[in-house]
Amino acid sequence: MFLALQDVASAPWFSLDLTGTPDISGAILYCFFTLAVFSFLYKDNPFYKLAEHVFVGLGTAYFTLQYYDEGILQPVYEYLFGEGGVIEKMETSGIVEIGGYSVDPVMALVFRGIAGLLAVMLVMRLFAPNSWMPRLPLAVMVGVYAALKMTGETQSKLVLFVGNMFKDPITNSNLLSWSELTAQPSWRIENWEAFFVFSKIVFFVGLLSALTHFIFTYRRTKVLAGISKVGVITLMITFGAMFGFTVLGRIALLIERVDEMKSYTASAYSLGPAPAAGQDPGVLSLMLTPPILISVIIIAVLALGIGIKKDGRANA
Amino acid sequence: MASVHDFDRRWIFLIMGLLVVGLVAAGISAPMPVSEYVDSYFATIDKLPEGSIVMVSADFDPASAAELLPMYTGTIHHLLAKKMRIVNVCTWPAAPPYTASRFAEIAPMYDAVYGEDWVELGFLPGDDVAMGTIGQSLRSAYPRETKNNMAYDDVPLLRDCGDSMGNIELLITMSAGYPGILEWIAQVGGRYEIELLAGTTAVQTPDLFAFYPSQLSGFLGAATGATQYLQLVDDVAIDGSVTADKETQQSRMLVQTWAHYFMILLIIVGNVIYFTGRKSS
Amino acid sequence: MKRELPILLTVLCGLGITMAFFSSSAGDPDDLPLGWTKAVNSELLAWALVFFSVAFILGISNLVRISLKTISSRGEDWPYKAVMLIVLFGYLGIGLMEIHQQRYGFFGSTEDAVVGIAGQGERAMRDWVYFKVFVPLQATMFSLLAFFIASAAFRAFRARSLESTLLLTAGAVIMLGQVPGGDELTFGYAGRALAFTMTYINGAGQKAIIIGATLGVLATGLRIVLGIERSYLSE
Amino acid sequence: MIAPPIAGLLDMPHQSLAGLVQALSGLGELVGQGLARINLIAAQAVTQSADEGAGESMVDSLWAWLDRIKEGNGDPGAGLQAWADTEKLPTLISIVVFGILMFIYQRQAKAGKEINIRRIAGLDALDEAIGRATEMGRPVLYVPGIDEIKEIQTIYSMMILRHVAQKTAEYGTDLIVPVRDSVVMTFAEEAVKSGCMDAGRPDAFVKDNVRYLSNEQFAYCAGVAGIMAREKPAANIMLGMFFAESLILAETGFMSGAIQVAGTAKQHQLPFFVAACDYTIIGEEYFAVTAYLTKEPGLVGTIRAGDFTKIIGTALIVLGVVLATVYAETPGLTWHDVILRLYGIDK
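Residue numbers (this note's numbering), protein chains in the order written: chain E, 1 to 316; chain S, 317 to 597; chain V, 598 to 832; chain F, 833 to 1179.
Derived by calculation from the structure, the hints in this document are not laboratory data. Certain hints may be false.
[As the list claims (entries may be wrong)] Here are the simulated lysine-lysine pairs, DSSO-like style, with alpha carbons at most 27 Å apart:
{"hint": "1", "chain 1": "F", "residue 1": "Lys1127", "chain 2": "F", "residue 2": "Lys942"}
{"hint": "2", "chain 1": "F", "residue 1": "Lys1025", "chain 2": "F", "residue 2": "Lys1064"}
{"hint": "3", "chain 1": "E", "residue 1": "Lys229", "chain 2": "F", "residue 2": "Lys1127"}
{"hint": "4", "chain 1": "E", "residue 1": "Lys43", "chain 2": "F", "residue 2": "Lys1064"}
{"hint": "5", "chain 1": "F", "residue 1": "Lys1127", "chain 2": "F", "residue 2": "Lys945"}
{"hint": "6", "chain 1": "E", "residue 1": "Lys157", "chain 2": "F", "residue 2": "Lys920"}
{"hint": "7", "chain 1": "F", "residue 1": "Lys1127", "chain 2": "F", "residue 2": "Lys1025"}
{"hint": "8", "chain 1": "E", "residue 1": "Lys229", "chain 2": "E", "residue 2": "Lys157"}
{"hint": "9", "chain 1": "E", "residue 1": "Lys222", "chain 2": "F", "residue 2": "Lys1127"}
{"hint": "10", "chain 1": "F", "residue 1": "Lys1025", "chain 2": "V", "residue 2": "Lys599"}
{"hint": "11", "chain 1": "E", "residue 1": "Lys262", "chain 2": "V", "residue 2": "Lys729"}
{"hint": "12", "chain 1": "E", "residue 1": "Lys222", "chain 2": "F", "residue 2": "Lys945"}
{"hint": "13", "chain 1": "S", "residue 1": "Lys363", "chain 2": "S", "residue 2": "Lys398"}
{"hint": "14", "chain 1": "F", "residue 1": "Lys902", "chain 2": "F", "residue 2": "Lys920"}
{"hint": "15", "chain 1": "S", "residue 1": "Lys399", "chain 2": "S", "residue 2": "Lys363"}
{"hint": "16", "chain 1": "E", "residue 1": "Lys43", "chain 2": "E", "residue 2": "Lys262"}
{"hint": "17", "chain 1": "F", "residue 1": "Lys1025", "chain 2": "F", "residue 2": "Lys1039"}
{"hint": "18", "chain 1": "F", "residue 1": "Lys902", "chain 2": "E", "residue 2": "Lys157"}
{"hint": "19", "chain 1": "V", "residue 1": "Lys666", "chain 2": "F", "residue 2": "Lys1127"}
{"hint": "20", "chain 1": "V", "residue 1": "Lys599", "chain 2": "F", "residue 2": "Lys1039"}
{"hint": "21", "chain 1": "F", "residue 1": "Lys1039", "chain 2": "F", "residue 2": "Lys1064"}
{"hint": "22", "chain 1": "E", "residue 1": "Lys43", "chain 2": "V", "residue 2": "Lys599"}
{"hint": "23", "chain 1": "V", "residue 1": "Lys666", "chain 2": "F", "residue 2": "Lys1039"}
{"hint": "24", "chain 1": "F", "residue 1": "Lys1064", "chain 2": "V", "residue 2": "Lys666"}
Here chain E stands alone, though its shape is the one from the complex (with noise of 0.2 Å):
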C-alpha cells in the first residue's frame, strides 16, 4: 500500500517512553483528538465539543501547573524557605540581592510577606466579591505593567524605531536589506542603484501618509484627505501582502498533521492481526490503523446523525 511507507516493527499497547516508538494506545488518543478538531471544518460535532472541553481543561491545568512552579513555588516558597533562602540568610546574617541591590534579609521577608498578603487580598474576590480588598493587588499590576510598557515601546517601538530608519537614507545603497534580497535565489532583483533610490522614495511616501491616515482631530482639507487617501492604498498593499506571507505558514501547519497522520498508518499501529514476518500487511490491516479507522468512525457518525435528525443547526 502507498500509504504505508514506513514501517515501525512493532509498536507497544502503553509506553511512557517518549523517545522510542509512539505506543499504540498514544496513537489512538492522538489520531482521535487530531481528526475530532478537525470535524468542526464540516460542523459543530459531538466529537469537537468533547475535543474542546478536554483541550480547555487540559490547558488550563498545563497552565496552571506551570505559574504553581514558577509563580509560587519559586518566588515565595523557595525564595523564603529554600535552600540559600531569605530565612537561612537571616540566620547566617547575609544579604539578600534584589535585582543587584543588597538588601537586608529582613527587609527582603517583610517585602515578600506584603506580595503573599495582597494575592490572599486577590483570592477574596471569591468570598467577597463586591469587597475593595482585591483591587489592590489589581492596581499593583496595572500600576508595574502599565509603566512597563510605556517605557518599554516608547523606547524601542518610537524613539529608537525612529532614529534607525534614518539608518538607511535614501541615497546609501549597501545600508539597507536590498543586495542582500538579491541574494536569495528566488527572491532576486538586479542591484539597479537608481531604481534602489525609487523604492526608497515610495517607501518614505508610503510612510507619512499612511501616519497621516491616523490624524483625527485636524479639520480634513482636501489636500489632507488626499494624502490619507494614498495611506489607505499603501496599507491595503501592506495587508494584503501580509495576507499571501501567511498563507506558506498557514498551509505547513496543516500539512504537518496529515504528515503526523500518515505516520501512524504504519502496520505496526493496525488493530488487526499482526502479519506474518515479510508479508505483506493487506489492506484489511491498514484499514484498522488508527487515522484511517478513526476517521471512518467519525464519518460514518455524522453522516447518520444527518440522516436521523435535521435540526437546523448546521453551520452552512
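Could you slot chains S, V and F onto chain E? The hints should help.
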C-alpha cells in the same frame, strides 16, 4: 449563478484537504536551492571552535512546532556534531517537553553527556523581562537546572558559563512570536554583543530582513528555510540521522506549491463568480 | 480612602518602574545613588508574577462554578463539562504529585533518587499526556487556519473597489512569489515583486501602524501611571 | 548603469516587464540625481560655514559641555551618568514632552475648545451591531483579545468593555465575555458591572457571562469557537491584542452569521480582520475608541496631543531623511552629528 454568500465554503475545505492529503501520501520530494540567510546561519554555527558554549532558546509551542521543530532538531544535530556545548532555555511554557524529548533522542547519537555537553534550564516566566534576567545573570535566572534539579554551580557546563553572557559564543532562538527573536535582539543581542541566530515562522520572517546581517547573523525563515537548512545539516550529522527529516521537508515544499496554486485559483474563481453574479442581477 | 488607595498604589508602582527604567545601570547598583530602584523594579515584577499565578485560583473557580451549575441542572452539553472537570483535576493532580515528588520527594523517594509515578523519569506521566493529547489538540486547532485562510481569501479577495483590488493583487502576487514553482512561472518577477512589496510598501505600512499604535500605548500608559485614567478600576 | 528606459518595452513580452521596471528606475534615477544635486549644494553651504569657524567650535563646545554633564568631573558616582541611563534620555524627553502636550490639550478641551474627531466607520458600527443583536434577541459576544493584563491593549479593552456593557444593559441584551486569563477575568467582571451601573441597571450584570476558559491560546480559541457555534451571538466584537487565533475567531464568527467588528493595534493580525470582518478598527484608531464614544474632553485632548506629536514626528522624519542623505554624500560634516544623535544615531 449562485451568489458568493450562498456558496458553501465547506467545499473549499474539502478540496484543500484532499489536495494536501493526496500530495502528502504521494510523498514526492526534490532538493531546493539554498538562500543566503540559511547559508549564513549554517556557516555561523559551523565556524565556531569545538567546545564553544551555545545558548539555544526554544520559544515555541506545539502549534508552531510544525514550522520550528525541524529547525530545532537540525540545529541540535549540527551543534552536537560540531562538539559544541548547549545551554537550553525556554521562554514559552509549552516548550520544555519538546526540548527534553529532542535531547533524549539526539544526545545519545553523539555520546553527549548531560551537564557537560548539554544542560536543560527549563521554562522561565516573564517574557521579555525573563530574557533581560537571563542576559543580566544566568545564575539568578536559573538557580537550578530542570532535569535533575541540580544547583547551578554543581553543573560543570554552567560553571564554565559563569554568570555573564560573556562566555556564551552564540544565542540561537526558535521563535514563534512574542516573546521571541525581536525581544532577544532588544534585551540581549544589543546589550551584550553576542552573536544571534534565529529560526522563525512565516508570519515573523518579514520582520527580520531589517536585522540581517548587522544584528542577526542569519535566520531560517519558515518551512522554506527549514528545508534548506536540513539539506545542509544532512552532510554533517551522524550518518543519515536527519535524511528522513530532510526528505519530508522537501516533499512538503512541493505540497506548498500546489496549495498556493489552489489559493490563487480560488481567488480567480471567486472573482469570476462575483462579476458574473453582479452582471446577471 | 477605599477609592483612593488603589489609584495611589497604581501611581506609586508605575512611578517606581518608570524610575528604574531610566535610572543608571552603569555599574553595581549598590554604588549608584538610584541603585535601589533596580530592587524596587525586581521586587515589583516578582509580586506581579505571584499575583498572576495566584489568580489561577479565581479563573479555575469561575470555570468550575459555571460547569457545576450546568452539570447539576443537566443543562445543555453537561456531560462534556463533566469530562472537562475530570481532565482538569486529573491532570492537576498528576502534575502536583510529580512536581512535589521531584522537588521535595515523597512516597518514599528522596530528592536524589527522583522516581516518577510510573517509575520512569521525573515528569513521565505529565509528558505522556502532553504529547498524546495536548499536542494534537493545539497543533490541529492551529492548522484549521490553513482552511480558514483559503475561505477568507475566497470571500474577501474580490475586485469590488480600488482598495480591495489592491489587497487582492498584492496577496496573489506574494503567494506566487513565495513558492519556487510560482516564481518560475512568472519568470522570477513574482519573487522580485515580493521582495519589493515586502520591504518597501509592507515595511512602510507596518511601521506607520507601529508608530501610531505606540503613541496610543504611550498616551494610555501615561494616563494610567499619572492616575488620570481610572475607568478600568470601576471608578 | 541604467539602460535607456524605453528600449526594453519593445522586446519580448516578459522582457517588456523588465523594461517597465527599468523605466521606473530611470524615474528613480532622475529623482536621485536631483537629490544628489541638492546634497551637493547643501554640503557646499555647510562646509563654507564650517570654514568660517563658527559652526565647528560651537558644536565642539556643546559636546564638551554635554560630556561634562554626563561624566561629572571624573569622579565615579558623579555626573549624570551615575543617576540616569544616558542612552535612554531621548525616551525620557519624548515621554515628558508628550505629557506636557497632553496636559495642554486636555486643559484646552476642558476649557471648551471644540475638537472634533473624524468619523471612524468601525466605531459607528459598534452601535449598529448591538442594535441588531437586540432586534434578533441574541447575545453580543465581546472578545477582549487574548493577552494578559500586562498588555496595554488589554487594559484599554477593559475601558471599551465598560461602554459596550453600558449599551447592552440599556438595550437589555445579553453580553458574553470569554476571557483567557484569570486577572483579565476580574477586570472584565468589574468593567461589565460598572457598565451596567452606568446604565442604571445593576441587575443586568450576569456573573456567569464573564467566563474564564483557559490560559492556553488555542484551548481558549476552541472554547470561543464553541460559544460562537452554539450560542450564536448576533454580534461579535473583538477588540484587543490578538495573535494567530484572529482568523479562526473571525471565520468561525462569519460562519455563524454574526455581524463582526474587530479592532487591534497588532499589525500582524489586521490583514485577517480586514479580510474576514465587516468592520475593522485599524492600529491607532483602536486607541481613539473611548474618546470617540464618550467625547469626553480629557480623552479628546489626549488624541489631539497624539495628532500633534505625529505632525512633529512627520516633520522630524522628513528632516532626518534629508539630513541623513546629505550626511551620506558628504562625510566629514560635524553639525549633523548633533541632530542625528538627537534621533539616537551614532554616526
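**Report entry** Violated hints, by number in ascending order, as checked against the structure
**Finding:** Violated: hints 19, 22.
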